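*Asks:* Given next are the chains, with one letter for each unit.
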Amino acid sequence: MNIGLLLLVFLAAALGTQALGLALRWVDRKVTARVQYRVGPPFFQPVFDVLKLMGKENLMPATAVGTGFLLAPVVALASTGVAAAILWAAVFQPTATFLGDLIVVVYLLTIPATMTILGGAASGNPHAAVGASREMKLLLGYELPLVLAILVAVAHNGWTLKLGDLATFQQMHGSTVLSFSGLLAFLVAILCMHAKLGQVPFDVAEAECEIMSGVYVEYSGPSLACWHLTRAMLLALLPLLLIVVFWGGLDTSVWWDWPAFLAKYVLLVALVTVLRNTNPRLRIDQTVKFFWFVLTPVAIVAAALAAIGVSENLSWL
Amino acid sequence: MALTTKAWTKWALTRSLWVYHVNAGACNNCDIEVLDLLTPRYDIERFGMLLVGSPRHADVLAVTGVCTRQTAPRVQEVYLQTPRPRVVLAIGSCACGQGIFTEAYHMARPVDETLRAVDPDATILYVPGCPPKPEAMIAAVVKAIEYLKSA
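Read top to bottom, the protein sequences are chains Y and A.
Each residue of the first sequence is one higher than the last, beginning at 1 in our numbering.
Each residue of the second sequence is one higher than the last, beginning at 318 in our numbering.
Mixed in with the good hints there might be a few duds.
Partial selection, computed: residues in chain A whose CB lies under 8 Å from chain Y [unchecked claim]: (1) Lys323; (2) Ser333; (3) Glu362; (4) Gly370; (5) His374; (6) Arg401; (7) Asp438; (8) Leu442; (9) Tyr443.
Please keep in mind that the hints were generated in silico from the structure rather than gathered at the bench.
If you're wondering where the values come from, they're calculated on a predicted model, not measured in any experiment.
No residue lacks a Cβ here, since even glycine has one placed at the ideal position from N, Cα and C.
If we strip away everything but chain Y, and leave its shape as in the complex, we get (with noise of 0.2 Å):
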């Protein structure tokens, strides 16, 4: 494959992930708005936003320091590109995958929390330094867990670290949540991504009403526009990543796969907007003992138990 080629999946990818997600947005608070008994906002409003935002004077506090704090965003942004040209490959493309591009995704996917937290402290804000510590607190919590999980997926399928043999195999072999320790680790997973979105039982580091939006309070215009479609862009990926590693991704031999891996995926969205709008916001001590003395020892079990699993040939286990 030549670079031009490469250079062009690769827009295709980060630009299609936008789309979606800005789209998913939308579900997101038309969906809170009919719960609340509203209207809600038109379906190209997350559009409107960014191009508003796109427009505005992109302001920068005379304490900020300027490198960190403009080139947050962007690093965030193209981060989360490359990680959704990975995605799309595993879910059309499995063969077209690398050794071990599971671990550059979750790498990936933890560079726009890291990049919260440098351009949060890089704007000298107070509100936005104490959004910018609980965002690393958080993310000490949730990716423990997570990464265990996702272990447990691979003891299952082969112990391989390709998201395209991942597919395949429980393609041929059987979901990885159709065995108890893959379920436990689903659920561990579902509830990582959610604190990865940052949405609202785990918003600590944003916190509108208590910290003033924390991490992002001194962002505006072009810069505000990156993180808004930073964010949307994971709301469409981490489901992805998700049924991918756990849910059997998408066979597309067969056609039936095709809306059983549309139903996956709009059940994945969903449960993010019912769960944030049916809780209310831990503080983050409650955020990380939940994380730490709840989720991680689960996700411990779920290793154990796949491990055995695996090595005694009880698939179900």
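With the hints as your guide, set chain A onto chain Y.
*Replies:* Using the frame of chain Y, we list chain A on its own:
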């Protein structure tokens, strides 16, 4: 006045106005009426309007209250921290002209004069009433949108 230059940004701006609420010494009556705009009966999110937590994210500053000596410099500071293009809604009799508190010892100048001291070109819309009805605020926002389209 050069509010915004490009046609597409103006087009998107009128469909997505984000509001930051500034309390410049209000009695909380106007503030409750501002919150009414978010309820199911009025639901201004239908028009893409959101209440945001930071003036840096805002396009519209909804200022309520008399503008006391304590708040006047802070109102100016918040206004300067709002990225251009920006519009100010002076909500309530107090914000429009200090209402019954005119000539009281703790008054600075009214909201419009306070803001024009830092930006002579400031776009300010007045919503009189004590408190103004949510319908009046929506009417003001419609006027703001019309103004942005023509500016």
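*Asks:* All hints, please: hold or fail.
*Replies:* We went through each hint and held it up to the structure:
Evaluation of the Lys323 (chain A) hint against chain Y yields a held restraint, the C-beta minimum of about 6 Å falling below 8 Å. A least Cβ separation of about 4 Å between Ser333 (chain A) and chain Y falls short of the 8 Å threshold, and the interface hint therefore holds. This hint holds: Glu362 (chain A) has a C-beta 5 Å from the nearest C-beta of chain Y, less than the 8 Å allowed. Annotation: interface hint on Gly370 (chain A) holds; nearest CB of chain Y at approximately 4 Å, less than 8 Å.
For His374 (chain A), the suggested interface contact is upheld, since its CB lies about 6 Å from the closest CB of chain Y, less than 8 Å. For Arg401 (chain A), the interface hint holds, since its Cβ comes within 8 Å of a Cβ in chain Y; the closest pair sits about 4 Å apart. Taking 8 Å as the C-beta cut-off, the interface hint given for Asp438 (chain A) is violated, the closest approach to chain Y being about 14 Å. Taking 8 Å as the C-beta cut-off, the interface hint given for Leu442 (chain A) is violated, the closest approach to chain Y being about 19 Å.
At its closest, the beta carbon of Tyr443 (chain A) sits 24 Å from a beta carbon of chain Y; the interface hint therefore is violated under the 8 Å criterion.
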